[in-house]
Structure formats: structure tokens, C-alpha cells
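Following UniProt numbering, the residues of the sequence shown are numbered contiguously, the last one being 249.
Any given hint might turn out to be false.
To be verified - Only pairs whose alpha carbons sit at most 30 Å apart, straight line, appear in this in silico DSS-like list of lysine-lysine:
1. Lys71 - Lys194
2. Lys194 - Lys133
3. Lys89 - Lys71
4. Lys194 - Lys89
5. Lys71 - Lys133
6. Lys89 - Lys133
What the hints assert, rightly or not - Now the in silico label distances, taken between C-beta atoms and shown as ranges:
7. Ala212 - Thr53: 28 to 38 Å
8. Thr91 - Ala171: 32 to 42 Å
9. Lys194 - Thr107: 28 to 38 Å
Please keep in mind that the hints were generated in silico from the structure rather than gathered at the bench.
The beta carbon of each residue, even a glycine, is placed where N, CA and C say it ideally should be.
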Amino acid sequence: MRPRSPIHGRGIVSGTGLIVTALAATVVALLVPLWSYADRQDPASATLLSTRTVTTPYGPLSEQDRDFVTKVRLAGLWELPAGELALRKGTAPAVRTAGRHLVDGHTSLDAHVRTVATQLGVALPNEPNEQQKQWLATLTSAEGQDFDRQFAGLLRLAHGRVFSLVAQVRAGTQNSLVRDLADDANATVLDHIKVLEATGYVDFRTLAQDLAASASPVPTPPAVDPSAVVPVTPPPDDTSSLPPATSGP
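Using the sequences provided together with the hints, build the complete structure.
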């Protein structure tokens, strides 16, 4: 058999080498994007996660947690003044009693939320939002039994809206400070709901419709003939039928 020439042998080796090199290049081309993708963190996604949930000594603090802390503060910024208006302008004893509960409850709850916000580094507002300012303007301009009706209608609607939020946060938060604040807020809101209902001015059918509907800038209290309303007035020396004002966390 005639021996192969050196040139022919080198050609076979060279051709095989090219094939192996091409295959290796193909594998690298397929794997590099996978490695790059696995090691790469999308800056936008990382920023989004960091703004939604942060680590604190009291547990993870979510975006919902921070929103809840802010809303507790906002509630006090308008409901406490509303309670003071009820103490001055309420014509029915039960309306003035509800006003006292709002003042006492939100004085305590506001101190609690400011402490929590400081510990968690959450910035708090110092004035009500535009909707709440409109509610206060409505109460400021109302007089007599119209004030009683507006006060009970607006405050009961506002408390009904926040009540479900408190329950949602309490059920899902991983932060111990937010959990304690939700417990305090739950007791305060429930107390206020009860004393507002005890005024006799809450129209539950209209309330249910308003709570089911999307939030409006200024919810309209039910159109009730003041002369037809009979407020539930507690005896002068006995308030046992009303829940005690919340005194603190």
C-alpha cells in the first residue's frame, strides 16, 4: 500500500481541527448569553424591589406597610379636627360623644404612628390631603342638625373605607411595628364606627352603596330629612351603651 503523503495527513488534521474549533465556538456562543443573563440583574427590577420592600430591625417593610403608616397619620390630621368641630357644633349629645371619642382616639393613635414612623424612617405628611380638606370645609360650613348629619355620614364612610385596609395590612405585614400599629388602629376605628352609628344619623343603605362604589372626591352624605331623624341619645349620667374611648396602643 502506498504511504500517505505528509501533506495529505496534515490536511486531514487541519480539517478536523477546524470542525472541532467551529463546534466549540458554537457551544460558547450558545452558553455565554445564558451565563450573562443568569449573572446579570436588571437595574430597573432591582430598583423596583428596593423601593417596595426594605429590611428593618423589626422585619421587612413593604410598600403597603409604608402606605398604611402614612394613611393612619392622614386620618388623624382631619378626623381629630372633625371631632373638635363636633364638640363645639354638635346639637345632639350622641354627636358630641362621638366627637370626644374621635379627639381622644386620634390623639393617642397619632402619637403612636409618629413613633413608628420615626423608628422605620417613614416620612409623614403634616396636613390633610385635598379630599380631607374638602370634608373639613363641608363640616365647617354646616350648622345645626345638618352638621350632625354631615358629621356622622362623612366620618362613618371614611372609617368604613379604612377598616378594610387595616384588616388587610394586619393580616399580611411582616413588620412587628406595623402589626402593633394595625392592632391599635383597628381598635380605634371600630370604636369610632360604633359611636358614629350610635348617633342615629347613619343611613346604612346609602353607606353600603358608597363603600361599594369607587371613591369620589367628596362623598355626599345621605339626604335625610333632619326632622325625621331621632338620634340615639345616651342617658346624661350613663354612657355604658357606648364603647370606651381608646386610650393607647
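Hints, one by one, checked against the model:
1. Lys71 - Lys194: 21 Å, holds
2. Lys194 - Lys133: Holds, at about 24 Å.
3. Lys89 - Lys71: 27 Å, holds
4. Lys194 - Lys89: 20 Å, holds
5. Lys71 - Lys133: 14 Å, holds
6. Lys89 - Lys133: 18 Å, holds
7. Ala212 - Thr53: 28 to 38 Å: For Ala212 and Thr53 the Cβ distance comes to about 31 Å; the hint holds.
8. Thr91 - Ala171: 32 to 42 Å: 40 Å, holds
9. Lys194 - Thr107: 28 to 38 Å: Roughly 18 Å apart at Cβ, these two residues miss the hinted range, so it is violated.
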